[in-house]
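Given next are the chains, with one letter for each unit.
Number of protein chains: 2
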Amino acid sequence: MNFCSNCGSDRLQFKVPLGDNRPRWVCQNCGTIHYSNPNIVAGCLPIWGDQVLLCKRSIEPRLGYWNVPGGYLENGERVEEGASREVWEEALAKVVDLEIHTIYSIPHINQVYMHFLGRMETLEFGVGEESEEVRLFREDEIPWKEIAFTSSVFTLKRYYADLKTGQRNVHIGHLDIEKFRNRK
Amino acid sequence: MNFCSNCGSDRLQFKVPLGDNRPRWVCQNCGTIHYSNPNIVAGCLPIWGDQVLLCKRSIEPRLGYWNVPGGYLENGERVEEGASREVWEEALAKVVDLEIHTIYSIPHINQVYMHFLGRMETLEFGVGEESEEVRLFREDEIPWKEIAFTSSVFTLKRYYADLKTGQRNVHIGHLDIEKFRNRK
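Line order of the protein sequences matches chains A and B. Our numbering numbers the first residue of the first sequence as 1 and each following residue consecutively. Our numbering numbers the first residue of the second sequence as 1 and each following residue consecutively.
By construction, these hints were calculated from the structure, which means they are not laboratory data. Check before you lean on any hint, since a few could be wrong.
Identical copies carry no separate label here, and so any pair may be met within one copy or between two of them.
Result set (EDC-like, lysine to aspartate or glutamate): computed pairs, CA atoms no more than 20 angstroms apart in a straight line [unchecked claim]: (1) Lys15 with Glu74; (2) Lys145 with Glu132; (3) Lys145 with Glu60; (4) Lys164 with Asp140; (5) Lys179 with Glu81; (6) Lys164 with Asp50; (7) Lys145 with Glu133; (8) Lys94 with Glu121; (9) Lys157 with Asp140; (10) Lys164 with Glu139; (11) Lys94 with Glu133; (12) Lys94 with Glu74; (13) Lys94 with Glu130.
Same shape as in the complex, but just chain A (with noise of 0.2 angstroms):
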């Protein structure tokens, strides 16, 4: 942030707004408070029997690794509607039924994960934009090492241990950055 999106002035001082407790982008000339917060990657494992439907991305970040179906939240969005839409976007499927997952924070890039599981009611599916492959996988399929994202992993580990058990449940999790880095 260079200059106020507001009046335009480059009088941009990062300080803590009177009655705040952290520090935001606050115009010396207007006083427009910029307020930057967290967005939500909506998103849906596609399930087809014994099987689940993952994109190969087209597109960088991670182009040419698997991930689930998912992407920006956008305005005017329920969070289900945006993680069906993924899914049709990038997977050219339908998905109903679905059922909350996991809620995968992420918090040095200030995103958070919502994974929906939904029923595919028919074996329709196709290469999306942002994709170069799309195609079912049975567990002993998945490729766990070229996985694009660890909101992906912990979507489908989550998802065969709760087969396992009978038991479907939401899963909270978060990916620690320092760890993540010293991990071997």
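Please build the complex by placing chain B on the supplied structure of chain A, with the hints as guidance.
For chain B alone, coordinates are given in the frame of chain A:
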């Protein structure tokens, strides 16, 4: 948005960027695309035996109405951290064993509420900065007509419904503003 926050130009156009499918503010001078996405309101219903802790708001909007403690998730926070922090800031109480309870979208104002249930380990609580009163309520004492927001009504109703069935579920809801305006 009147000026580009990157270059200060007023040559902003609301249009669909190349490769996108919805309009954004795009700077015609430097090319920056300014995205706007929904915010998360993280909150937690503190539970003490058969009572829950609510806060009477000392700030607008809905000053003087009762609310489940909550507020905007901040950058760098996990959702569950934000929920605990808000309980501390508004009710000077500590909650443990947080479980996600409701996910409630309000599309027309680009908000997604995420409410947890949290156990109070001790009876310590007080009046936080944005509250004018904080107290425990039994179910038959809840001031239903003086609840600040529909998200809190949703959370409380589902909480007591779950108590009756003996099952804790995660509930997905939303506010349909058209229906809300036309309600009797």
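Practice prompt. Just pull the numbers of the violated hints for me, sorted ascending.
Written response: none
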